[in-house]
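A.B. asks: Given the coordinates of chain A, work out where chain B should sit on it, guided by the hints.
So you can see what is in the structure, the chains are spelled out below.
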Amino acid sequence: MRYMINKKQSIIPGFSLTLGITITMLSIFILIPLASVLVFSLHQSPGQFFECISDKSVLNALITSVSCAFGAALVNCVFGLILAWVLVRCTFPGKRILDGLIELPFALPTAVAGITLSKMYATTGEIGGPLSKLGIMVSYTHLGILVAMVFIGIPFVVRTVQPVLEKFNPSYEEAAYVLGAGQFLTFRRVILPELRPALLTGFGLAFARGLGEYGSVIYISGNSAKNKTQVVSYVIMQKLNYLDYTSATSIALLMLIISFLLLLFVNAMAVYQAKRTGTDYEVAQISNISARQGARERGMIVLAVLFVFFMLILPLFSVLRNALAKGFDFYMACLQTDYVSSALGVTVMATVLALAVNTFFGLVAAWALTRFSFRGKQVLGALIDIPFSVSPVIAGLAYIMTFGRLGWAWPILEKFNDVFGTDVQIVFALPGVVLATIFVTFPFVSRELIPVLNSVGNGEEEAAAMMGASGFTIFRRITFPHIKWPLVYGMILCGARALGEFGAVSALSKTRGETFTVPLEIDALYMDGGADSITAAFAVSSILVIMAVVVLILRNIFEYRAKAGQN
Amino acid sequence: MYLELKNITKRFADTRPEEPDAVSHVDLGIEKGELIALLGPSGSGKTTLLRMIAGLDAPTEGEIYIDGECVNDLSPADRRVGFVFQNYALFRYMTVYENVAFGLDVQKRSKDEVRKRVGELLDLIELSHLRDRYPNQLSGGQRQRVAFARALATQPALLLLDEPFAAIDAKVRKELRRWLREMIHEVGVTSIFVTHDQEEAVDMADRIVILKDGKLEQAGSPYDVYKNPKTAFSATFMGDSVVLDKLCGFTGFEDITDGRKIVIRPEYVEAFRDDNPKFHHLIPYSNEGIVRDVVFRGDSVELIIEVNGERLMCRRSMERRPVSTGEKMRVLLYRVNVFDEEGAQVLANETLQDVDVEFM
Numbered sequence: 001m002r003y004m005i006n007k008k009q010s011i012i013p014g015f016s017l018t019l020g021i022t023i024t025m026l027s028i029f030i031l032i033p034l035a036s037v038l039v040f041s042l043h044q045s046p047g048q049f050f051e052c053i054s055d056k057s058v059l060n061a062l063i064t065s066v067s068c069a070f071g072a073a074l075v076n077c078v079f080g081l082i083l084a085w086v087l088v089r090c091t092f093p094g095k096r097i098l099d100g101l102i103e104l105p106f107a108l109p110t111a112v113a114g115i116t117l118s119k120m121y122a123t124t125g126e127i128g129g130p131l132s133k134l135g136i137m138v139s140y141t142h143l144g145i146l147v148a149m150v151f152i153g154i155p156f157v158v159r160t161v162q163p164v165l166e167k168f169n170p171s172y173e174e175a176a177y178v179l180g181a182g183q184f185l186t187f188r189r190v191i192l193p194e195l196r197p198a199l200l201t202g203f204g205l206a207f208a209r210g211l212g213e214y215g216s217v218i219y220i221s222g223n224s225a226k227n228k229t230q231v232v233s234y235v236i237m238q239k240l241n242y243l244d245y246t247s248a249t250s251i252a253l254l255m256l257i258i259s260f261l262l263l264l265f266v267n268a269m270a271v272y273q274a275k276r277t278g279t280d281y282e283v284a285q286i287s288n289i290s291a292r293q294g295a296r297e298r299g300m301i302v303l304a305v306l307f308v309f310f311m312l313i314l315p316l317f318s319v320l321r322n323a324l325a326k327g328f329d330f331y332m333a334c335l336q337t338d339y340v341s342s343a344l345g346v347t348v349m350a351t352v353l354a355l356a357v358n359t360f361f362g363l364v365a366a367w368a369l370t371r372f373s374f375r376g377k378q379v380l381g382a383l384i385d386i387p388f389s390v391s392p393v394i395a396g397l398a399y400i401m402t403f404g405r406l407g408w409a410w411p412i413l414e415k416f417n418d419v420f421g422t423d424v425q426i427v428f429a430l431p432g433v434v435l436a437t438i439f440v441t442f443p444f445v446s447r448e449l450i451p452v453l454n455s456v457g458n459g460e461e462e463a464a465a466m467m468g469a470s471g472f473t474i475f476r477r478i479t480f481p482h483i484k485w486p487l488v489y490g491m492i493l494c495g496a497r498a499l500g501e502f503g504a505v506s507a508l509s510k511t512r513g514e515t516f517t518v519p520l521e522i523d524a525l526y527m528d529g530g531a532d533s534i535t536a537a538f539a540v541s542s543i544l545v546i547m548a549v550v551v552l553i554l555r556n557i558f559e560y561r562a563k564a565g566q567n
Numbered sequence: 001m002y003l004e005l006k007n008i009t010k011r012f013a014d015t016r017p018e019e020p021d022a023v024s025h026v027d028l029g030i031e032k033g034e035l036i037a038l039l040g041p042s043g044s045g046k047t048t049l050l051r052m053i054a055g056l057d058a059p060t061e062g063e064i065y066i067d068g069e070c071v072n073d074l075s076p077a078d079r080r081v082g083f084v085f086q087n088y089a090l091f092r093y094m095t096v097y098e099n100v101a102f103g104l105d106v107q108k109r110s111k112d113e114v115r116k117r118v119g120e121l122l123d124l125i126e127l128s129h130l131r132d133r134y135p136n137q138l139s140g141g142q143r144q145r146v147a148f149a150r151a152l153a154t155q156p157a158l159l160l161l162d163e164p165f166a167a168i169d170a171k172v173r174k175e176l177r178r179w180l181r182e183m184i185h186e187v188g189v190t191s192i193f194v195t196h197d198q199e200e201a202v203d204m205a206d207r208i209v210i211l212k213d214g215k216l217e218q219a220g221s222p223y224d225v226y227k228n229p230k231t232a233f234s235a236t237f238m239g240d241s242v243v244l245d246k247l248c249g250f251t252g253f254e255d256i257t258d259g260r261k262i263v264i265r266p267e268y269v270e271a272f273r274d275d276n277p278k279f280h281h282l283i284p285y286s287n288e289g290i291v292r293d294v295v296f297r298g299d300s301v302e303l304i305i306e307v308n309g310e311r312l313m314c315r316r317s318m319e320r321r322p323v324s325t326g327e328k329m330r331v332l333l334y335r336v337n338v339f340d341e342e343g344a345q346v347l348a349n350e351t352l353q354d355v356d357v358e359f360m
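Chains A and B supply the protein sequences, listed in that same order. Under this note's numbering, read the first sequence as residues 1 to 567, first letter to last. Under this note's numbering, read the second sequence as residues 1 to 360, first letter to last.
This is chain A alone, in the form it adopts within the complex (with noise of 0.2 Å):
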């Protein structure tokens, strides 16, 4: 025991506790089911297995989902630098608004988003009737997929772009300018290789989003095998659909090696971004660079704009006028039905726990990743971020292929059913539904704090437990303080992310009335077909586009908040 003291590396307790929980629960809901689709995949000779990737429709989908994934994550550097560079260095009325609206992506569901750009640009939407007079056709067509991609990568490139200017020293700027270097050149030169590290990263995060994309994109598409625009998620949901579990787990297996090489790239982009600017020897500077705002500025300023509009808010209007294009009598008749009450029930349940069950391993996973050095840290790190590289309906194979009747823990399961006399299921019942949206939302919690508390670094807690601070008075009066606002916001978006999730929960649930959930219910009023439950589909939709505004105007608040807090 003494040993271990004189290993132990740091004063703050709690190392092996959070560290314990953290790997557990990493374990049980990502780990060992992701690992239960190499397993069984493995039961497959290399043969089968390239026979299975290499079907005409499998290999068609492959193309397809990674091209435009690309496409899409090179429209998102492009447009997500012009925002992020708008966002902070340019000042304008609404500028706030824009910046939250930047999230809708993360909290409008993605069947809701998929129903609705599918609408928007189909020959008849708003967007569509005129883009088909000038023979553009989007919905259906891959440039619809590359749509729906866009639309759902936009906040990545965004989102990592953002904190890097709002920190870039304005000295190498005026150094440049100092020097004799045009706009032009200090950005090419000076600007854009500092940016380089978080574009590359904001493309690799959109892009394996773009890739796993299920909700969003599947409506848009039109899932055509003769014109090619299926995708890989539908592909696999589609074999899963038909029982072809080896086709399925071979596909899915492919899919998560790629997406474990962007995570790794990304991953490395982050170190090496923290090798070149590692030695911080900022000082801060006074600055108004803002005085030399011109034209440029002005015209960067309208293309955000623009681009916000018709990408974010105008969706958000069309849910609305098509949930009331029969009235409203009819759009409250639509709500009232016992599928949306159902599935609405199912909903909050599956928010609600996977919301408690993430807060606790979020807090857990950044104390423990954030307060202690070991071992691993990175990999550990890297391991919780997979549900965000990982396609949700992989998720959704990985419990079937688990608790599943083809599962190793399906004896087990049985057995225990056997000796209680219960009937427990978990795959296409609700602890499967549970279980997916918890996979799904794994590292929304933990994500936001990790580095609010790295920032905030760890010499109060070292100072309090020198005074003889428990662990949990630490937290409690030392390190929940810094990160209220963060956890708020993790919690918030965590929330959203959960009543929206759609793929994984797709692939768990089966039984319309019983364990479906609102996205569900929503995809099968609109796969129904009629205009009566086209409508139906959209006013159920606008439940949750409400919910989603909720969410942003609250993580705006609470951004500002936390931000406030910092100063």
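Any given hint could turn out to be false.
What the hints assert, rightly or not - Quick partial rundown of chain A residues pointing at chain B, CB under 8 Å, derived from the structure:
no.	residue
1	Ser171
2	Tyr172
3	Tyr177
4	Leu185
5	Pro193
No lab work stands behind these hints, which were simulated from the structure alone. The beta carbon of each residue, even a glycine, is placed where N, CA and C say it ideally should be.
C.D. replies: This is chain B only, laid out in the frame that chain A set:
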């Protein structure tokens, strides 16, 4: 005058009405080849003044002339100024070579010319062997040299340095000071640097400009500013000194109780034991004091001695007999600086006039 500041005033847009101007009506002339220190505490406007000379900020009022030409509307590059930033602002994604070459690249000089000039500069700063390193692979002192070379690459008419030693360890600082001073004189470029450290200013500058609350307090050679401070602020900012509100009962001085400030430097104070034969003849001109504190300063001992209820400070060579707290000593005042609104005055010990005393 090579650089001339005429009535320069800077008021920032976000300054509240009751707050003073950041820089207020500063007139200053600088000769070609001079090395000038802008000295003042934080908030005195010294960096703002430097940034206005550079063209990074525009003055609210007044004109700046370089070589007889008004440069108010010129960009920094057109003013031909070089600037060394406080954090050096070396481009982190460029090598040492690329950093130094940047200004020349911007001017579209030929490849050969750039290579030759950068080579010369890297030789000058003795960092040729590190030409392919990135800024974060350099020590603080090396970074400063690169920033210096980068600012000089385009052969500026005026070199401006903002707190050039702020980011350097105290130990290397002195060495770098000497190096920078020698470099600037070798290159012969007119230079202005900002500092809050009077020792740094005395060590390096040909002329010191003292600023306080945005106003120019005094400008002159280090010796001049030290010897003849024009204001109480200049006197206290240069060197360690004790400021008294009144002077009562000191042998050789009239009592001063009319609110004038009295500044006494440690060098003006002599303390000796009454059994010291060397000082025996001076006892009648001295007062009695009690040693209140003895502080070892590395190369000397600092004594805090209470005389007539006032605490004075003096330095004592390590070669003399040790003194301890509580001991009684004789204290002789050679002179004091007296300040009022109108100006400064040096009062010497009247009774000492007819005694042959060697000033320390």
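A.B. asks: Now tell me if each hint is right for this structure.
C.D. replies: Hint by hint, here is what the structure shows:
1. Contact between A:Ser171 and chain B, as hinted, is supported at the beta carbon level, the nearest pair being about 4 Å apart and thus within 8 Å.
2. Taking 8 Å as the C-beta contact cut-off toward chain B, the hint placing A:Tyr172 at the interface holds, the least distance being around 5 Å.
3. Given the 8 Å rule on beta carbons, the hint for A:Tyr177 holds: about 6 Å separates it from the nearest Cβ of chain B.
4. Restraint check, A:Leu185 versus chain B: the minimum CB separation of about 6 Å is within 8 Å; hint holds.
5. The interface hint given for A:Pro193 holds, since its Cβ lies 3 Å from the closest Cβ of chain B, which is under the 8 Å cut-off.
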